[in-house]
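Enquirer: Letter by letter, the chains look like this.
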Amino acid sequence: MPFTAKSGKFNAKINAVTMGTGDKAITIGGENVLPFYTFDEAIENAPKVGIEITDGGMEAEPECIQKCYEGCASVVDMAKKAATFEGVDFLSIRLEGGDPNGKNKSTEELIALVNDVAAAVDLPLVVCGCKNVEKDAELLDKAAAALAGKNAVILAAKEENYKTVGASAGLAYKQVVGAESAVDINLAKQLNVLLTQLGVSGQSVVMNVGTASAGYGFEYVVSTMDRVKAAALSQSDATLQMPIITPVASEVWNVKEAAASEADMPEWGNQEERGVDMEIETAAAVLAAGSNAVILRHPESVKTISTLVKELV
Amino acid sequence: MYKVTFKFENGESVEVFAGSGENLLEVARKANVAIDAPCSGNAACGKCKVKLTGGELDSKQTRHITDEEYAQGWRLSCVSKIIGDVEVLVPDIASAYRSRMKVADLGSAEELQIFEKTKNDIASAGIAFKNDLEVVEITMEEPSLDNTMPDNERLTWAVEAACGASEVKLSFAVLMKLAEVLRKSSFRVQCVVSRDGERAEVLDVLSAEEKAQVCGLAVDIGTTTVSALIIDMTNGGILAKASAGNGQIRYGADVINRIIEQQKDGGRKKLQDAIIKETLNPLIDAMCASAGIHPEQVYRMCVAGNTTMNHLFVGVDADPVRMEPFIPTFFETDSICAQDLGIHIYPHARILMAPNIGSYVGGDITAGTLASTIWNSEEMSLFIDLGTNGELVFGNSEFMMSCACSAGPAFEGGDISCGMRATDGAIEACTIDKDTMEPTFKIVGDEGQKPVGICGSGIIDIISELFRCGIISPKGKFIREGERIRHDSYGMGSYVLAFKEDAASVKDIELTEVDIDNFIRAKGAIFSAIRVMLSSLDFDVSMIERVLVAGGIGSGINMRNAVNIGMFPDIELEKFTYIGNSSLSGAYAILYSKEAEAKVADVAHNMTYLELSNEPSYMDEFVASCFLPHTDATLFPSLEMK
Numbered sequence: 001m002p003f004t005a006k007s008g009k010f011n012a013k014i015n016a017v018t019m020g021t022g023d024k025a026i027t028i029g030g031e032n033v034l035p036f037y038t039f040d041e042a043i044e045n046a047p048k049v050g051i052e053i054t055d056g057g058m059e060a061e062p063e064c065i066q067k068c069y070e071g072c073a074s075v076v077d078m079a080k081k082a083a084t085f086e087g088v089d090f091l092s093i094r095l096e097g098g099d100p101n102g103k104n105k106s107t108e109e110l111i112a113l114v115n116d117v118a119a120a121v122d123l124p125l126v127v128c129g130c131k132n133v134e135k136d137a138e139l140l141d142k143a144a145a146a147l148a149g150k151n152a153v154i155l156a157a158k159e160e161n162y163k164t165v166g167a168s169a170g171l172a173y174k175q176v177v178g179a180e181s182a183v184d185i186n187l188a189k190q191l192n193v194l195l196t197q198l199g200v201s202g203q204s205v206v207m208n209v210g211t212a213s214a215g216y217g218f219e220y221v222v223s224t225m226d227r228v229k230a231a232a233l234s235q236s237d238a239t240l241q242m243p244i245i246t247p248v249a250s251e252v253w254n255v256k257e258a259a260a261s262e263a264d265m266p267e268w269g270n271q272e273e274r275g276v277d278m279e280i281e282t283a284a285a286v287l288a289a290g291s292n293a294v295i296l297r298h299p300e301s302v303k304t305i306s307t308l309v310k311e312l313v
Numbered sequence: 001m002y003k004v005t006f007k008f009e010n011g012e013s014v015e016v017f018a019g020s021g022e023n024l025l026e027v028a029r030k031a032n033v034a035i036d037a038p039c040s041g042n043a044a045c046g047k048c049k050v051k052l053t054g055g056e057l058d059s060k061q062t063r064h065i066t067d068e069e070y071a072q073g074w075r076l077s078c079v080s081k082i083i084g085d086v087e088v089l090v091p092d093i094a095s096a097y098r099s100r101m102k103v104a105d106l107g108s109a110e111e112l113q114i115f116e117k118t119k120n121d122i123a124s125a126g127i128a129f130k131n132d133l134e135v136v137e138i139t140m141e142e143p144s145l146d147n148t149m150p151d152n153e154r155l156t157w158a159v160e161a162a163c164g165a166s167e168v169k170l171s172f173a174v175l176m177k178l179a180e181v182l183r184k185s186s187f188r189v190q191c192v193v194s195r196d197g198e199r200a201e202v203l204d205v206l207s208a209e210e211k212a213q214v215c216g217l218a219v220d221i222g223t224t225t226v227s228a229l230i231i232d233m234t235n236g237g238i239l240a241k242a243s244a245g246n247g248q249i250r251y252g253a254d255v256i257n258r259i260i261e262q263q264k265d266g267g268r269k270k271l272q273d274a275i276i277k278e279t280l281n282p283l284i285d286a287m288c289a290s291a292g293i294h295p296e297q298v299y300r301m302c303v304a305g306n307t308t309m310n311h312l313f314v315g316v317d318a319d320p321v322r323m324e325p326f327i328p329t330f331f332e333t334d335s336i337c338a339q340d341l342g343i344h345i346y347p348h349a350r351i352l353m354a355p356n357i358g359s360y361v362g363g364d365i366t367a368g369t370l371a372s373t374i375w376n377s378e379e380m381s382l383f384i385d386l387g388t389n390g391e392l393v394f395g396n397s398e399f400m401m402s403c404a405c406s407a408g409p410a411f412e413g414g415d416i417s418c419g420m421r422a423t424d425g426a427i428e429a430c431t432i433d434k435d436t437m438e439p440t441f442k443i444v445g446d447e448g449q450k451p452v453g454i455c456g457s458g459i460i461d462i463i464s465e466l467f468r469c470g471i472i473s474p475k476g477k478f479i480r481e482g483e484r485i486r487h488d489s490y491g492m493g494s495y496v497l498a499f500k501e502d503a504a505s506v507k508d509i510e511l512t513e514v515d516i517d518n519f520i521r522a523k524g525a526i527f528s529a530i531r532v533m534l535s536s537l538d539f540d541v542s543m544i545e546r547v548l549v550a551g552g553i554g555s556g557i558n559m560r561n562a563v564n565i566g567m568f569p570d571i572e573l574e575k576f577t578y579i580g581n582s583s584l585s586g587a588y589a590i591l592y593s594k595e596a597e598a599k600v601a602d603v604a605h606n607m608t609y610l611e612l613s614n615e616p617s618y619m620d621e622f623v624a625s626c627f628l629p630h631t632d633a634t635l636f637p638s639l640e641m642k
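Line by line, the protein sequences are chains A and B.
Number 76 in the numbering used here belongs to position 76 of the first sequence; there are no gaps in the numbering.
Number 289 in the numbering used here belongs to position 289 of the second sequence; there are no gaps in the numbering.
FYI, nobody ran anything at the bench for these hints, they're computed from the structure.
Since the model is a prediction, treat every value here as computed from it, not as a measurement.
Each residue gets a CB set at the ideal place from its N, CA and C atoms; glycine is no exception.
Hints are supplied without guarantee of correctness; some may be wrong.
[As the list claims (entries may be wrong)] Pair ranges (Cβ atoms, derived):
#1 A:E219 - B:Q72: 40 to 46 Å
#2 B:I260 - A:Y216: 52 to 58 Å
#3 B:T333 - A:K256: 54 to 60 Å
#4 A:A230 - B:A123: 50 to 56 Å
#5 A:A12 - B:E447: 39 to 45 Å
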């Protein structure tokens, strides 16, 4: 008797969420199979790769990344250049200078920058906050307003500030709301429930379920993503069917394997190679675990991951 | 040395001397001044407030005290140091647990009904309500120069003849008083005899004229509350019932804090004294006075308490109970009599202890399980004892499984800013108007009693109502605004139940987001324990045929609301029954019935103990349960329909 392979596709689907507008708009999610299980069913929207810059501009970048942006005088120049790198699907601007415990830049200053960047590139945009929940509530509210009509991703609403961020990004300005939780399937689900109860449509939510650099408690990340996808697909849990976007860069470039200079750690070899390796390894792993988009920093990593995705989907 | 004066609202006062820099709470403890300090003096709970009425204290203002209160002289005693002569007022609420000792009016049929029902349930399971104690009248031939048998042999022979026993033993107490009693009564006496087949032991000897009454004492030693009964051992009749706060409370609200306290120098003695000398003996005296008996007529005692309480009661080191691998000194012991522990009853009275089965499942649960009679039914029953520790037993006549979860003191009002135990002034039930957000509540106490705080059942109602009215999110955060909803300078929301003008308290009675969060954790611990225990058996909640809820906390519990907040599984409300203090009714059965005593050991041996901390899924279930009603809404279908 001939062997007939049985398709492992599910009746449920991950929500398809569009980021950006016009020709450059992209869609993530929409699949009804496990990550890269194209043999079960074609994957409609391949995972997407974003590149990240920060309000800190060149000084905030490690030397090896600075050289990729040679000749850029401003953050806007960097944004323009970033948009030209091979494999970039979207641009993420991280407003880390807003942190009251850091540079504590004013909301006005940062929003002006967001406006300039948005005017300079036509890629879909992701705006990341400074990680201080109170400041982010204000910052991301204003960012959502400034980017009205751009269908940007506001990353992120957390349990502590979801009311402000969700109401602004999701209800008032119809952006895509990023929902960030800390590596726990239940917390991810709870935040989605809170956002939908607030009135935000589940179709315009993407999740950042939390991440870590490979080797840093990473098995929790993988198991959380695995379980989120399993609940979304096999149990048709509508409160977990949002696509996952994972900011890899901000984790990876802070760990010693990527940050320690070659002078400090000669036996570890070239710093750039190490950093890029960490970024690629982490990104590949979160994609395999179920992320629908990753945010990276080094153009080389973007290129490699983008190629990997094209080969697999 | 400085003079410290503690004044009470009833006008009494206590004066002690203390050195410079001594902590006020410590000074109060040494002077036996009861200041409620559930957090053991860690400045965490804010319960140990006193009012400075003279002199000075070096005292920081903590977050529990508003500027206004501080200006009025309110201080937390645990953060106050003595720097001079000082006079403080100890508010009544702080000494509430002591004044709460009450001897129940046995006219109330409700009280007796629970014991009657337990007795009937156990009896219908085939357990005979008989014990080995009886009074035997003995007449002996008086001795003479021709009849020179010593007194003890004379009595032994006579008892052998009267009881048909082949082996008779006289207790030391009998030997001590024998000569006097026999001669005073012309060798016509009554003996209190314990009979076991061919063997008999004479516990006491009384002259024929004295009124012989064989009484027994059943005690439930709870972490928070101690309840007791004195019964007539010949017919099971209840002669007196009483309860009081556990005097150990001032050494911490939960078992862990008490174990830490007993580790200190002289700590074991201190904790044992707190339970026996300060709590049990006064309770026994009060009950004996009310029943018109002498404490020495109490010939047997049965204690049901959690493992830690049992250890502290006996005075053995409880530290291993707390430390992995959680091994207590004993599960069962039959070697203790009243005089070993200084209990104020017949000195040679045997003390029965309901057996422990694990570090966190103790005699209160085995006694409670005995009383619940789940071991005698085919029905799959879940027995829940809501206390500082939540304990669960699930099973039927074929098997039983038990586990314990740390619910924390929230059910008893601990860790809740306006929380209190279910005493006078506690809000025990509440409804809220969805449109106006105005509350209506029921308060413990006499008509006209003003609210003082909120007890466990009140918190269940309030949270359920706040959630139903859309005032709080499933995470317990405020999402509506109104006159009764406030936010402090840190943005923390709270709901005001009673403004201070309407309350018998120094500040508004409110429930804060932190309180709600604490309570959600407590209910999450209970619900996740239920789920994990059932799933370890490959069962789900639909297989539960009845739920028996016990615990002093549960008396006013609204089962519908408890399901609404996801504390209990969403099954038909008819399946839930509140069975009162099952630990005490179990202790009563063990005391009165020899067969029940054997049965509880049998029940304990047949119970499997599940250590939840070894269950990998417990943490996950717990996080999922810390949501109203639950992260997985499909577990609460009856709420979705509404």
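Enquirer: Now tell me if each hint is right for this structure.
Expert: Taking the hints in turn, this is what the structure says about them:
1. Restraint check, A:E219 to B:Q72: a C-beta distance of roughly 55 Å breaks the suggested window 40 to 46 Å.
2. For the hinted restraint 52 to 58 Å between B:I260 and A:Y216, the CB-CB distance of approximately 35 Å leaves it violated.
3. Remark: the range hint 54 to 60 Å for B:T333 to A:K256 is upheld by a beta-carbon distance near 57 Å.
4. Restraint check, A:A230 to B:A123: a C-beta distance of roughly 52 Å satisfies the suggested window 50 to 56 Å.
5. One distance hint, 39 to 45 Å for the beta-carbon pair A:A12 and B:E447, is violated here, with the actual separation near 58 Å.
When each numbered hint is compared with the structure, violations occur for hints 1, 2, 5.
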